[in-house]
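Engineer: These are the residues of each chain, in order.
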Amino acid sequence: MAKNDILLSVEGLTRRFGGLVAVSDVELSVARGEILGLIGPNGAGKTTVFNMLGGTFPPSSGRIRFDGTDVTGWPSHRMAQLGLTRTFQITSLFPTLSVLENVRAASFRRAKTGWAGAFFRTRAWREDEAALARRAEEILDFVALGHRRDMPAQALPYGEQRKLEIAVALGADPTLLLLDEPAAGMNPDEGAKLVQMIRAIRDRGVSVLLVEHHMKVVMGVCDRLVVLDHGVKIAEGQPQAVASHPEVIRVYLGREKVGA
Amino acid sequence: MIKGRLPLVVAVLGILPFVVGNAYLQHMLVLWAIYALLALSLNMIVGYLGELTFGHAAFFGIGAYTSAILSMNYGLPVWLGPFAAAIVAAFFGAVIGYVALRIVGPQFAILTLGFGSILYTITNYWVDLTRGPMGISNIPPFSLPGLDIDFTRADRMYYVALVVLLLVAYGCRALMTSRTGRAFIAVRENAPLAASTGIDVFHTKLLGFTIATALAGVGGALYGHYLRVITPDLMSLQYVAALIIMVIVGGKGTIIGPIIGAGIYVALLEALRVVGSLRLVVFAALLTLCVIFLPGGLVSLWRRYAGRQAAGGAS
Ligand SMILES: Nc1ncnc2c1ncn2[C@@H]1O[C@H](COP(=O)(O)OP(=O)(O)OP(=O)(O)O)[C@@H](O)[C@H]1O
Ligand SMILES: [Mg+2]
Numbered sequence: 001m002a003k004n005d006i007l008l009s010v011e012g013l014t015r016r017f018g019g020l021v022a023v024s025d026v027e028l029s030v031a032r033g034e035i036l037g038l039i040g041p042n043g044a045g046k047t048t049v050f051n052m053l054g055g056t057f058p059p060s061s062g063r064i065r066f067d068g069t070d071v072t073g074w075p076s077h078r079m080a081q082l083g084l085t086r087t088f089q090i091t092s093l094f095p096t097l098s099v100l101e102n103v104r105a106a107s108f109r110r111a112k113t114g115w116a117g118a119f120f121r122t123r124a125w126r127e128d129e130a131a132l133a134r135r136a137e138e139i140l141d142f143v144a145l146g147h148r149r150d151m152p153a154q155a156l157p158y159g160e161q162r163k164l165e166i167a168v169a170l171g172a173d174p175t176l177l178l179l180d181e182p183a184a185g186m187n188p189d190e191g192a193k194l195v196q197m198i199r200a201i202r203d204r205g206v207s208v209l210l211v212e213h214h215m216k217v218v219m220g221v222c223d224r225l226v227v228l229d230h231g232v233k234i235a236e237g238q239p240q241a242v243a244s245h246p247e248v249i250r251v252y253l254g255r256e257k258v259g260a
Numbered sequence: 001m002i003k004g005r006l007p008l009v010v011a012v013l014g015i016l017p018f019v020v021g022n023a024y025l026q027h028m029l030v031l032w033a034i035y036a037l038l039a040l041s042l043n044m045i046v047g048y049l050g051e052l053t054f055g056h057a058a059f060f061g062i063g064a065y066t067s068a069i070l071s072m073n074y075g076l077p078v079w080l081g082p083f084a085a086a087i088v089a090a091f092f093g094a095v096i097g098y099v100a101l102r103i104v105g106p107q108f109a110i111l112t113l114g115f116g117s118i119l120y121t122i123t124n125y126w127v128d129l130t131r132g133p134m135g136i137s138n139i140p141p142f143s144l145p146g147l148d149i150d151f152t153r154a155d156r157m158y159y160v161a162l163v164v165l166l167l168v169a170y171g172c173r174a175l176m177t178s179r180t181g182r183a184f185i186a187v188r189e190n191a192p193l194a195a196s197t198g199i200d201v202f203h204t205k206l207l208g209f210t211i212a213t214a215l216a217g218v219g220g221a222l223y224g225h226y227l228r229v230i231t232p233d234l235m236s237l238q239y240v241a242a243l244i245i246m247v248i249v250g251g252k253g254t255i256i257g258p259i260i261g262a263g264i265y266v267a268l269l270e271a272l273r274v275v276g277s278l279r280l281v282v283f284a285a286l287l288t289l290c291v292i293f294l295p296g297g298l299v300s301l302w303r304r305y306a307g308r309q310a311a312g313g314a315s
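From first to last, the protein sequence lines are chains S and B. Numbering of the first sequence is given in the working numbering, commencing with residue 1 and proceeding in unit increments. Numbering of the second sequence is given in the working numbering, commencing with residue 1 and proceeding in unit increments.
Just chain B, with the same shape it has in the complex (with noise of 0.2 Å):
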């Protein structure tokens, strides 16, 4: 859909920052940025490989406080948290996957969200490590090595956000054009077919499973560092729940899709901050407004769009 456009896409995205001009509106953007990446990572699994997980914020909190105590305590270097929290969520992923994958559908959902719900536990008790539902506070500040850029400011991690967040789109879009993303989508579309044709279902869905949770703990390393406080909630069913939404409203199996979404939770969160905790009534009103009216997301309007266009064009 944005084929041809996306240098003027990443151009206006790279200038939002000084067209915003308001630090309250630049720290949206990044939380939008970090938002759009862990959807982009449950797009994998929801949209690629076609299983529904509730345990996906486990991932998230781990990659947070992986890289918030590894730089804390060990004097990890805070650039390179970032990439111990994809190792350390991909181990627990590849471990859960690789229990839980061998059962589809609803079981495995439910599985998900009781390792989702083990990991917070452990979380919230294991004190000694994560400061337990204290949270851990003054995580230092995002900074990358030689250069002196304070991205306690959200002009500043917001472009830290964005080009990971482009890195991660670009390489999604790169999966689909190649073997193991077409085996993903085949093993969706229907599994004993893509086994017939010398795909090896569980190892795909593990390894699209594993690729996922890494890139949620990135996500998760990122928000620590920015925000500079995180507790076990990051692991807690609202952020689940606040993913699926952006995943299945803006449009799963996409790559645009997740990313409107996370843009339309963030903006509504805020722009419903009034109503209090009535927000959540909205979000899962326009959740079932989207599952029944719209199940391929706010993205399939425009295709539908594109498609009376190209008809009409025609006629």
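Here chain S stands alone, though its shape is the one from the complex (with noise of 0.2 Å):
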């Protein structure tokens, strides 16, 4: 693979707190237009992964570099403003604000105009704000939420509200998106829809780093699997290899079915 068609790669990336050993010496890359799924049972370290990676905390060592810049201990604003954004595990909205209004708030990258041009009613900011409100309801339909458009965030049924913390993500106009857990919650049905809308975001043009524990989805979607337990990476490659990796399935066994 040549060097620039690596998006994100991270080398002995650790974290402790405390005694524990959270994350410990991960490695692992993300191609430009890959979807690779990271993996593993209950407190695995995936969510502390993705909190390193997007700026929640630095590693306790290791590198992170994200398109050609090495951004280890940058930030979530400015991993974000570099085009690295994350959801949340935990239901992360605008709870007060429309459906709407919570991707524009998300389009601050995208914005150009400030105060001043608001102000002035400038040319320029008008036309910033009718591409922005274009270009929120673009994101709305591509995630089926345009009929919520005007619903306050914090009324929507639960599904829904996954829905739109992608579409909020998206809103920043990531070129790569860490999605933790958008399945969790979302009926079998809804399931099958995340795995379509997940393939679209990479048509976008956006490269994901996909943790989920619903194996449907993951064995669906992702073009390479990273497992993790105890913070070591115990396994990579194809779903399907991975899926039979006898490592993997000793770790899993009992609690989920690989492959399902």
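No lab work stands behind these hints: they were computed from the structure. Zero decoy hints are in this set.
Here are the computed lysine to any residue pairs in the SDA-like style, where the Cα-Cα straight-line distance is at most 20 Å: (1) S/K112 with B/G171; (2) S/K216 with S/G237; (3) S/K112 with B/M176; (4) S/K112 with B/D200.
Please assemble the complex out of the two chains, which come individually in their own frames, going by the hints.
Structural biologist: In structure tokens:
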């Protein structure tokens, strides 16, 4: 693989919480246009990896390179400005804003004209506003929430809140999207649609790093899988190969059937 | 809520001094306009950024003292006073915000209380500059270059305060349709999510806090040149409480809410003059009732009513 085909690469990623090593010496990479699955049993360290990549806290040690830049220890907003956006395992929205305003609020990177343009209602501001509104509507249609545009986010049913989270993340215009258990709380039908949606996100030119427990979703959409257990990477490769990997079967035994 | 009716509202506000036609009520109108400006500035912190501050009156005081001292001791033309007040108040706001805004929630509110009382104490004891608890009197009235208008008259000063108020109200409205204002709201609603979409939470808060303190400084300057006497009490908790009541009772996070809140405050303050300090109890009760039963303030009543109308019309 040519060097600039690698969008994200991580080496020796480690995070300690007191005596607990939540993530230990993890190496992984995401290619442009790839959907990489990051799986593992509860407490394996998946969300901790996301928190380090997304800039919620820095790694204890290790390096993160994103889009050709060493971004180790960068805070969230700078990661997002560079094109890496994450969603949260626990539903996280702008609760009192309308569905449409949620996506617009996330368009900070795209908006160009600031307060002065709005004050004098300049042409640049009007065009910017119209473009942002169109884009927000387009994203809402993309996640099939167009009919909810004026509803407050907190009034949406849970499954639709999860979809709105993806729309908000897309609003930030990422090149790499980190999804933390997007299917949690979705019914099987919604889960199947999610698979379609993640593929369509990739077709928009956004690479995806997916954490998910629903094996149907994982096996259905991922190009490659990385498996964590107790913070350590225990397997990596094609989904079918990983699913039959003895170590993977061992950690999942009695928890969930892999490849179901 | 006043969409489309704005020209009418402005026209009514414009002729109000003639309608009331009495110097005492005109004086109330000036106080209302200045308090409304202050309430809008506090609203930027409480309503848009979603942080409670107990230090806002200090910036009101800084503005009043800056303009008074510069115009009396350093020959600054009075009409430049509000600009100077904005700059000095913003400077203090930026420094205090830089320290305090790293902390959020109740601890931030407590820090602002601390900074507010430090500024109050300094104003009280730095007698050489501020004349201490005696305050400064004989402050020159507001004036405009080349115009011979007597701004000691309330019906004249009202227009100065009204123009500033309308500019600030319009500015707030414009802010809310810009990326800057949307970032304020995003930070209020969910700071970690805002950060994950590329918003620098700390700088956004610092910007909002600094703008708010600058506007409070402008309000202070107008107040000083209008009343022509200022004392350190401007920075006291009494004013902090008054401004918080205006914003919460009127409706935080809206533009019309704090403006209405200021009107209610000024009206009640006068109406209840006969009951003396008992009126503080009335204000406290009003605030408590709003927090419990009307968290969106009085303007949310209108929204409920309009919502019912719309729902009724659709059925
Ligand atoms: N902020 C924190 N402070 C202390 N310990 C933490 C913190 N975050 C995570 N941990 C610990 O690190 C380990 C990994 O947690 P993490 O949330 O990354 O797991 P996960 O793979 O996302 O699990 P799940 O599938 O349940 O979401 C757990 O033992 C957890 O208790
Ligand atoms: Mg997790």
